[in-house]
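Those sequence lines, one after another, are chains A and B. If you count the first sequence from 1, position 137 lands on 137 in full-length UniProt numbering, and the numbers rise without skipping. If you count the second sequence from 1, position 68 lands on 68 in full-length UniProt numbering, and the numbers rise without skipping.
These are calculated hints, taken from the structure and not from any lab test. From the three backbone atoms N, C-alpha and C, an ideal C-beta is built for every residue, glycine too. Wrong hints could be hidden among the right ones.
According to the in silico footprint, chain B covers these stretches of chain A (three or more CB under 8 Å from chain B) [as the list claims (entries may be wrong)]:
hint: 1; stretch: 66-78
hint: 2; stretch: 90-104
hint: 3; stretch: 198-207
In silico lysine to aspartate or glutamate, EDC-like type, Cα no more than 20 Å apart, as pairs [claimed, not checked]:
hint: 4; chain 1: B; residue 1: 39; chain 2: A; residue 2: 197
hint: 5; chain 1: A; residue 1: 84; chain 2: B; residue 2: 210
hint: 6; chain 1: B; residue 1: 158; chain 2: A; residue 2: 22
hint: 7; chain 1: A; residue 1: 39; chain 2: B; residue 2: 197
hint: 8; chain 1: B; residue 1: 84; chain 2: B; residue 2: 135
hint: 9; chain 1: A; residue 1: 84; chain 2: B; residue 2: 134
hint: 10; chain 1: B; residue 1: 84; chain 2: A; residue 2: 211
hint: 11; chain 1: B; residue 1: 144; chain 2: A; residue 2: 210
hint: 12; chain 1: B; residue 1: 205; chain 2: A; residue 2: 104
hint: 13; chain 1: A; residue 1: 144; chain 2: B; residue 2: 210
hint: 14; chain 1: B; residue 1: 144; chain 2: A; residue 2: 208
hint: 15; chain 1: B; residue 1: 144; chain 2: B; residue 2: 134
hint: 16; chain 1: B; residue 1: 84; chain 2: A; residue 2: 210
hint: 17; chain 1: B; residue 1: 205; chain 2: A; residue 2: 22
hint: 18; chain 1: B; residue 1: 39; chain 2: A; residue 2: 180
hint: 19; chain 1: A; residue 1: 158; chain 2: B; residue 2: 22
hint: 20; chain 1: A; residue 1: 39; chain 2: B; residue 2: 180
hint: 21; chain 1: B; residue 1: 205; chain 2: A; residue 2: 80
hint: 22; chain 1: A; residue 1: 84; chain 2: B; residue 2: 208
hint: 23; chain 1: A; residue 1: 205; chain 2: B; residue 2: 104
hint: 24; chain 1: A; residue 1: 144; chain 2: A; residue 2: 104
hint: 25; chain 1: B; residue 1: 84; chain 2: A; residue 2: 208
hint: 26; chain 1: A; residue 1: 205; chain 2: B; residue 2: 72
Protein chains: 2
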Amino acid sequence: MGKQVSISVIRRLPRYYRFLGELLRGGVHRISSRELSGKMGLTASQIRQDLNCFGGFGQQGYGYNVEALFHEIGRILGMDQNYKTILVGVGNLGRAVANHMTFDGRGYRLVGLFDNNPDILGETVRGLPIRPVDELEQFCIEEKPDVAILCTPREATKEVVNRLVALGVRGFWNYSPHYDIALNHPGVAVENVHLGDSLMTLCYKVKDLDDPEGDRG
Amino acid sequence: MGKQVSISVIRRLPRYYRFLGELLRGGVHRISSRELSGKMGLTASQIRQDLNCFGGFGQQGYGYNVEALFHEIGRILGMDQNYKTILVGVGNLGRAVANHMTFDGRGYRLVGLFDNNPDILGETVRGLPIRPVDELEQFCIEEKPDVAILCTPREATKEVVNRLVALGVRGFWNYSPHYDIALNHPGVAVENVHLGDSLMTLCYKVKDLDDPEGDRG
Chain A
1 MGKQVSISVI RRLPRYYRFL GELLRGGVHR ISSRELSGKM GLTASQIRQD LNCFGGFGQQ
61 GYGYNVEALF HEIGRILGMD QNYKTILVGV GNLGRAVANH MTFDGRGYRL VGLFDNNPDI
121 LGETVRGLPI RPVDELEQFC IEEKPDVAIL CTPREATKEV VNRLVALGVR GFWNYSPHYD
181 IALNHPGVAV ENVHLGDSLM TLCYKVKDLD DPEGDRG
Chain B
1 MGKQVSISVI RRLPRYYRFL GELLRGGVHR ISSRELSGKM GLTASQIRQD LNCFGGFGQQ
61 GYGYNVEALF HEIGRILGMD QNYKTILVGV GNLGRAVANH MTFDGRGYRL VGLFDNNPDI
121 LGETVRGLPI RPVDELEQFC IEEKPDVAIL CTPREATKEV VNRLVALGVR GFWNYSPHYD
181 IALNHPGVAV ENVHLGDSLM TLCYKVKDLD DPEGDRG
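Starting from the given sequences, assemble the full structure and let the hints guide the process.
Encoded structure:
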């Protein structure tokens, strides 16, 4: 129907997808917006509004079909896309990301790892050898990756991004957000990961335990 | 004034804080909600509404005082709290978190690192020795940490959280969100980090580059 859906609704979809996946694994096949609301910490009306953006999968007085909704949200998110993905920067952060993430069935396929540290070249992580960053061009021409995960040091990000954009990479999952990729390359898709934002939110929540009325208003 | 501010406004404050900090470092002392809106990808009216929740720092036709707003948001978030913080699980993820994060001046002070792997005990990260998890009790009784960062393996999280809650830890920055801390310990503050949500959002954005009208509506 081509209706524009706001990015804030899109941003909530992964959370719905996670919760629905857990329900399915727990054998739950039907759920009301009220029950979903209790589990997700959103209001029932917010949930109905969000899910209506995509055509609505619920029936009045009957609830949502968990499996249908799970698959439809997965399809909207692109979990079936299988984007070829490389990771640049295989330090502690890069290794953690490579090892902890589920890529298969989540829209991605990890196909290459790159780093500049000669001490780790040739090591394998998740069965993939760590290659020198010098080989990016040749690798990308042959493999045509769609997405790059950047765990690069602050000073390296800009140059790596410029090379990758020229090589046709059009999605960046960026752990090095000091360089503003979206501003400099408006045609690509970017998600910046700002871990510190969540840490700051926690600080507020801890303070709020002590003094729940203190800083509001 | 004690007015309840919604968690969704609180969640946007770290982003304001980051942007305002960048403006200050760039020598910008005054900014309109319209300019801030362009930089942050929020509407100007959203920004005015958010900042009004805290009493409003802007003057009509004059804009916001960047420095005053930065400090006020920092105060609301608790950036001056200096919470004593420990990190449990010093694998790749824990090391990345310990090394990449700025704790000082962001509300936290990192005081202890714990792991069960005998091969790394005694190593230092950020000047702190890695201690055995067995020493949690003694350490916490002496140091009274407020917050714990959990980079523990899935199966260890529940037991570690139970011990830490009993020892008085009341804030958790949790990278192991399979165990629902908030559900089991309603009196503590929790931020779960779901890195996969951002990766799923990116998948949507990449797909949207190819087919901007495809899955909406």
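Self-check item: residue 84 of chain A paired with residue 134 of chain B [C-alpha distance capped at 20 Å]
Solution: 43 Å, violated
Within 20 Å, alpha carbon to alpha carbon, are residue 39 of chain B and residue 197 of chain A?
17 Å, holds
Q | 20 Å Cα cutoff - pair residue 144 of chain B, residue 134 of chain B | A | Holds - the C-alpha atoms of residue 134 of chain B and residue 144 of chain B are around 16 Å apart, at most 20 Å.
| Straight-line Cα separation of residue 144 of chain A and residue 104 of chain A no greater than 20 Å? | Cα-Cα ~18 Å, so holds.
Is it true that the CA of residue 39 of chain A sits at most 20 Å from the CA of residue 197 of chain B?
Satisfied, since the Cα-Cα distance of roughly 17 Å is no more than 20 Å.
Query raised in the report: When you check the alpha-carbon spacing of residue 39 of chain B and residue 180 of chain A, does it fall within 20 Å?
Result: 11 Å, holds
Original post:
Holds or violated: are the alpha carbons of residue 39 of chain A and residue 180 of chain B at most 20 Å from each other?
Top reply: 11 Å, holds
Holds or violated: are the alpha carbons of residue 144 of chain A and residue 210 of chain B at most 20 Å from each other? 16 Å, holds
Are the Cα positions of residue 144 of chain B and residue 208 of chain A separated by 20 Å at most? Holds, at roughly 19 Å.
* Asked: Has the given pair, residue 205 of chain A with residue 104 of chain B, been kept, meaning a C-alpha gap of at most 20 Å?
  -> 18 Å, holds
message: Next pair to validate is residue 144 of chain B with residue 210 of chain A; report whether the Cα-Cα distance is within 20 Å.
response: Distance ~16 Å between residue 144 of chain B and residue 210 of chain A Cα, so the pair holds.
Residue 84 of chain B paired with residue 208 of chain A [C-alpha distance capped at 20 Å]: 16 Å, holds
When each numbered hint is compared with the structure, violations occur for hints 9 and 17.
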